[in-house]
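Colleague: Chains A and B, in that order, are what the protein sequence lines are.
So for the first sequence, the working numbering puts the first residue at 20; every next one is plus one.
So for the second sequence, the working numbering puts the first residue at 4; every next one is plus one.
Possibly wrong hints are sitting among the right ones.
Covered stretches of chain A, going by a simulated chain B footprint (3 or more residues, C-beta under 8 Å) [as the list claims (entries may be wrong)]:
1) 21-31
2) 41-55
3) 64-77
With the Cβ distance kept under 10 Å, some of the chain B side facing chain A (calculated, not the full set) [said to hold, decoys possible]:
4) 28
5) 31
6) 34
7) 62
8) 84
9) 88
10) 91
11) 96
12) 117
13) 120
14) 126
15) 140
16) 143
17) 144
18) 147
19) 149
Quick caveat, the hints were computed from the structure, so don't treat them as lab data.
Ideal Cβ positions, reconstructed from N, Cα and C, are used throughout, including at glycine.
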Amino acid sequence: MQIKALFFASYRDIAGSDELEVELPVGASVADLVVSLRERGGAWRSLPSDPAVAVNLTYSSLGTPLAEGDEVAFIPPVSGG
Amino acid sequence: MTSSRCAVTADPIDPCALLADAGGSDGAALLFVGLVRNHNEGREVGHLDYQAYPAMAEATLREIVEEARGRWEVGSISVVHRIGRLEIGEASVAIAVTAPHRGDAYEASRYVIEELKRRVPIWKREGYLEGDSEWLRGYTPHPAGEEA
């Protein structure tokens, strides 16, 4: 299944891009997505193994199951205001 | 008035317009404006770059405003956050609250800015006068019900 990963701020610097389509096996969770990205090596190793994420605009835990077309945003510590 | 407006914008914020739009029949109107500061943690700051996840930032702001409505008796609550490059002294965020009584306006306004800083997906990169820049590390948001 295809998942859309979004990157912001310092995580965008790591990803080198603001958006990435990732192919994952059916039944994969957010944690599986994180592992697959970190396994790309290089700068990806700087992505925390337990980042804050939002699935389809809602803060979610690493165990959240993903579905085809889900939008997973990687959220570094926020600093608005 | 019971309206609310939550927006993330690249356009300069006009705090007085936000206050005027909030309406004036409630008895109290309160305006909070956050400005770009020229120093932080001992370093001289030249400008800030704000980035947001706009769809989620606006949705989270609406959620926070609804929570404030549930806790205090307020009329309208409007929140605008700026993104992009901001110079020293420019408004980065403005919150206008109207309420029948001042206590509720102060409490609701304080709640909105504190929760905004804790969980709205917006980030700032400080550009220092020495030439380097850095994303500020603020709060790590948690899923609802899993606050650390």
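Colleague: Hint by hint, note whether the structure agrees.
Modeller: Results of checking the hints against the structure:
Figure legend: the stretch 21-31 of chain A, annotated as covered by chain B; annotation consistent (5 residues with Cβ-Cβ distances under 8 Å, at least 3 required). Closer than 8 Å: that is the beta-carbon criterion, and the stretch 41-55 of chain A has 0 residues meeting it against chain B, so the requirement of 3 is violated. Residue count for the stretch 64-77 of chain A with a Cβ under 8 Å from a Cβ of chain B: 4. That meets the three needed, and the coverage hint holds. Taken as an interface hint, residue 28(B) does not check out: its beta carbon lies about 29 Å from the nearest beta carbon of chain A, beyond 10 Å.
Look at residue 31(B): its Cβ only gets to about 23 Å from chain A, farther than 10 Å, so that hint breaks. Violation of the interface hint for residue 34(B) is found here, the shortest Cβ-Cβ separation to chain A being roughly 15 Å, above the 10 Å cut-off. Taking 10 Å as the C-beta cut-off, the interface hint given for residue 62(B) holds, the closest approach to chain A being about 5 Å. Hint status for residue 84(B) relative to chain A: holds, with the closest Cβ pair at about 6 Å, below 10 Å.
Below 10 Å, beta-carbon pairs count as interface contacts, and residue 88(B) has none with chain A, the closest being about 15 Å; its hint is therefore violated. A hinted interface residue such as residue 91(B) counts as satisfied when its beta carbon comes closer than 10 Å to some beta carbon of chain A; here the least separation is about 16 Å, so the hint is violated. Using the Cβ-Cβ criterion of 10 Å, the hint placing residue 96(B) at the interface with chain A is satisfied: the shortest such distance is roughly 6 Å. Because the beta carbon of residue 117(B) sits about 9 Å from the nearest beta carbon in chain A, less than 10 Å, this interface hint is met.
Proximity of residue 120(B) to chain A holds as hinted, the smallest CB-CB distance being about 4 Å (cut-off 10 Å). This hint holds: residue 126(B) has a C-beta 4 Å from the nearest C-beta of chain A, less than the 10 Å allowed. Look at residue 140(B): its Cβ gets to within about 5 Å of chain A, closer than 10 Å, so that hint holds up. The beta carbon of residue 143(B) is positioned within 10 Å of a beta carbon in chain A (closest approach about 5 Å), and the interface hint is therefore held.
At a threshold of 10 Å, the smallest CB-CB gap from residue 144(B) to chain A is about 5 Å, leaving the interface hint in force. Look at residue 147(B): its Cβ gets to within about 7 Å of chain A, closer than 10 Å, so that hint holds up. Hint on residue 149(B) holds. Least Cβ distance to chain A is approximately 7 Å, under the 10 Å limit.
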